[in-house]
Amino acid sequence: MFYRLSGIHHTRYESARQLWPIPMDRWQIYVLLALGLAAPLLFSGLYLTSYLLPWLIMSAAALSLTLLMGIAGQLHFGFAAVMAIGAYSSIHLVRAGVPFELALLGAGAIAAVIGSVFGAAALRVKGLYLVMATLAMQYLVDWTIINVPAISGGAQATLQTPAVRFLFMPLASDVSRYYLALGWVVLVTLLILNIKRTSLGRALVAVRDKDFAAAVIGVDTVKYKLLAFFTSSFLGGVTGAVLAFCYYRAVTPEQFTFNVSIQLVAMVLVGGLGSVLGAYLGAGFVLLVPIVLTNVVAFLAGAGWLSVSTNLLAHIPLMVYGALIIGFLLFEPLGLAKIYDNIRNYFLVWPFRHSRS
Amino acid sequence: MAAVIPTASPETILACRNVSRWFGGLQALRDVDITINRGEIFGLVGPNGSGKTTLVNAITGFYPPQQGQILFEGRPLHTLKPHQIAQQGIARTFQNVALFRGMSVLDNILLGRHNFMRPSVMASLFYWWWAQKEEVAHRNKVEEVIDLLQLESVRDEHVDVIPLGLQKRVELARALAAEPRFLVLDEPMAGMNQEEKEYMVRFIIDAQEALGLTILLIEHHMDVVTAICDRVVVLNNGEKIAEGPAREAINDPAVVAAYIGKVDDAA
Numbered sequence: 001m002f003y004r005l006s007g008i009h010h011t012r013y014e015s016a017r018q019l020w021p022i023p024m025d026r027w028q029i030y031v032l033l034a035l036g037l038a039a040p041l042l043f044s045g046l047y048l049t050s051y052l053l054p055w056l057i058m059s060a061a062a063l064s065l066t067l068l069m070g071i072a073g074q075l076h077f078g079f080a081a082v083m084a085i086g087a088y089s090s091i092h093l094v095r096a097g098v099p100f101e102l103a104l105l106g107a108g109a110i111a112a113v114i115g116s117v118f119g120a121a122a123l124r125v126k127g128l129y130l131v132m133a134t135l136a137m138q139y140l141v142d143w144t145i146i147n148v149p150a151i152s153g154g155a156q157a158t159l160q161t162p163a164v165r166f167l168f169m170p171l172a173s174d175v176s177r178y179y180l181a182l183g184w185v186v187l188v189t190l191l192i193l194n195i196k197r198t199s200l201g202r203a204l205v206a207v208r209d210k211d212f213a214a215a216v217i218g219v220d221t222v223k224y225k226l227l228a229f230f231t232s233s234f235l236g237g238v239t240g241a242v243l244a245f246c247y248y249r250a251v252t253p254e255q256f257t258f259n260v261s262i263q264l265v266a267m268v269l270v271g272g273l274g275s276v277l278g279a280y281l282g283a284g285f286v287l288l289v290p291i292v293l294t295n296v297v298a299f300l301a302g303a304g305w306l307s308v309s310t311n312l313l314a315h316i317p318l319m320v321y322g323a324l325i326i327g328f329l330l331f332e333p334l335g336l337a338k339i340y341d342n343i344r345n346y347f348l349v350w351p352f353r354h355s356r357s
Numbered sequence: 001m002a003a004v005i006p007t008a009s010p011e012t013i014l015a016c017r018n019v020s021r022w023f024g025g026l027q028a029l030r031d032v033d034i035t036i037n038r039g040e041i042f043g044l045v046g047p048n049g050s051g052k053t054t055l056v057n058a059i060t061g062f063y064p065p066q067q068g069q070i071l072f073e074g075r076p077l078h079t080l081k082p083h084q085i086a087q088q089g090i091a092r093t094f095q096n097v098a099l100f101r102g103m104s105v106l107d108n109i110l111l112g113r114h115n116f117m118r119p120s121v122m123a124s125l126f127y128w129w130w131a132q133k134e135e136v137a138h139r140n141k142v143e144e145v146i147d148l149l150q151l152e153s154v155r156d157e158h159v160d161v162i163p164l165g166l167q168k169r170v171e172l173a174r175a176l177a178a179e180p181r182f183l184v185l186d187e188p189m190a191g192m193n194q195e196e197k198e199y200m201v202r203f204i205i206d207a208q209e210a211l212g213l214t215i216l217l218i219e220h221h222m223d224v225v226t227a228i229c230d231r232v233v234v235l236n237n238g239e240k241i242a243e244g245p246a247r248e249a250i251n252d253p254a255v256v257a258a259y260i261g262k263v264d265d266a267a
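If you read the protein sequences in the order shown, they are chains A and B. Counting from 1, one number per residue, gives the positions in the first sequence under our numbering. Counting from 1, one number per residue, gives the positions in the second sequence under our numbering.
Please note that the accuracy of each hint is not assured.
[Stated by the list, open to error] Ranges between beta-carbon positions, derived for each pair:
hint, chain 1, residue 1, chain 2, residue 2, range
1, B, R247, A, N345, 50 to 56 Å
2, B, Q150, A, P23, 27 to 33 Å
3, A, Y3, B, N193, 37 to 43 Å
4, B, G191, A, N345, 30 to 36 Å
[As the list claims (entries may be wrong)] Straight line, CA to CA, 25 Å or less: simulated DSS-like cross-link-like pairs of lysine-lysine:
hint, chain 1, residue 1, chain 2, residue 2
5, A, K210, B, K81
6, B, K81, A, K223
7, A, K126, A, K210
8, A, K338, A, K210
9, A, K210, A, K223
10, A, K223, A, K126
11, B, K197, A, K223
12, A, K126, B, K81
Hints were generated in silico from the structure; no laboratory data involved. Think of the CB as a built atom: it goes at the ideal place given N, C-alpha and C, for glycine as much as any other residue.
The whole structure should be built from the sequences, with the hints applied where relevant.
Structural data, given as structure tokens:
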């Protein structure tokens, strides 16, 4: 962060509209990408599969949701159901003999179609009513998956993911699964960043900010709301499939319950609505906080300073989620991404604080 | 109530025929007849609540008229949705600035180019090979508008941090970026001081000359109306009470009575 913006001038529109117009930012991204690629060498298998992998996949899920909630402004409290549709679709497609690459796309397409059907409610309702409509989706999808044996494989059943190969490479090792997840999250990130700087993103933001003013410059609000639901559900569906094949490797309905939807909303809100960086930060935060909390409480209990029942221990993360969401909505509605931005802006002009804008 | 559709004479760009609109028991517009000619600045004045904004909302499709017809270049407008009307070449600004607060000035104006762009997920995904060319081409167009309205200094600012006078100018720029043939300005000088008003008048006239626009202007500042409008229509309680060249229409006894109440008081 210790760099200055002076002397950076762009003389072509192409370079001014780059994803990272500041060279130092670009270098940071290169370093992060290199770290991501080298992670299997740097971290032990345990860290790779139980921390890095879920974080990347949930970041992709949060990115898919932030496209809908943050950029297009349509609330969705049933996003885990979208991922469930993707996960189950991909497994059944692979079992039916469809190549894995096509099964991923098919999972996205099925999730997108079903997601848009429920999203069609968004054309009529806003705010809390949309929350209710998407909640209905969560419960309907949950119910359908559990009660239709053809999908879930029977009550309380667990579906193992078949062995697959992606682009002729078997998806058999932790490392190969990690790279598939990394590739997917990078792709989603690039897509969201590019949507934000093109006419599609502007139209979506216009519909979010003032739909009547969007209509008056020719934006078909109905079409763009549906497109947002479709795209976001497609990404969510593929992410669900990646989650099933790369992380869980066996799916049950319990992996995609309402709690997961709330976690995803928490990731988007805590990270910062509509922010790409925020999706990563939010996903990391929401995934790490329970682990850290549980460890801290367990340590305190073990040291005899605190006596908690295991029951309470399990519920502490949930209470902390609630407190965090309320806290962020009150004190920093733009989330962790905004906090990062504030710190960055502070150091960009440090020590000349008066020139901070 | 079927009114006869008149054959549009070549210079007529917009015609309202017996337009009526009511909200519940309130008749906001009653049989309003207006003909606007290509290339003119047409004023729409009247006291508060007289139906000016309702008429504009009827033209731009937010509150389609329940009776009567609106013809734009001879084609009916009152059956279209707002975004379809925008695609016909009609742009407008709002009385209360309606900019998109989550975007920069530049992105707001770029949004004005929406009708000429082809947004799609694939174009965004393959930005470097697909969307970039289009983005740059439209950026060039937008820079022409920014140049015309002298917005260079605030180009990269967020729209909610710039002063109201500039926000109104950005909204005008967004409307101009759509290359409309017909532009509706709903009180573009509301809340402005004298200097900002003079700037705005200059920009409106510049834009009209540079782009060959027809403008429908709602304005309360009579000095502005008499200075730039070719013709005006005065509305009161949803009815047209006067029409003609600006100075004469405003001095019409019925208009003075509508604004002030008694003819005797007008000197």
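25 Å Cα cutoff - pair A/K126, B/K81: Holds. A/K126 to B/K81 sits at ~20 Å (cutoff 25 Å).
Restraint check for A/K223 with A/K126, where alpha carbons must lie at most 25 Å apart: With Cα atoms ~16 Å apart, A/K223 and A/K126 stay inside 25 Å; holds.
Given pair status - B/K81, A/K210, alpha carbons within 25 Å: It holds: about 16 Å lies between the C-alpha atoms, which stays within 25 Å.
Cβ separation of B/Q150 and A/P23, checked against the hinted range 27 to 33 Å: holds (31 Å)
Proposed proximity, A/K223 with B/K197 (alpha carbon, max 25 Å): violated (38 Å)
Restraint status (C-alpha distance of B/K81 to A/K223 at most 25 Å): holds (13 Å)
Satisfaction of hint between A/K210 and A/K126, Cα-Cα up to 25 Å: With Cα atoms ~13 Å apart, A/K126 and A/K210 stay inside 25 Å; holds.
25 Å limit on alpha-carbon distance, applied to hinted pair A/K210 and A/K223: holds (15 Å)
Distance restraint evaluation - B/R247, A/N345, Cβ atoms, bounds 50 to 56 Å: Holds - the Cβ-Cβ distance for B/R247 and A/N345, about 54 Å, lies within 50 to 56 Å.
Given pair status - A/K210, A/K338, alpha carbons within 25 Å: Holds, at roughly 23 Å.
Distance restraint hint 30 to 36 Å, applied to the beta-carbon atoms of B/G191 and A/N345: holds (31 Å)
Verdict for A/Y3, B/N193 (Cβ pair) under range 37 to 43 Å: Since A/Y3 and B/N193 have Cβ atoms about 42 Å apart, the given range 37 to 43 Å holds.
The structure shown violates just one earlier hint, number 11.
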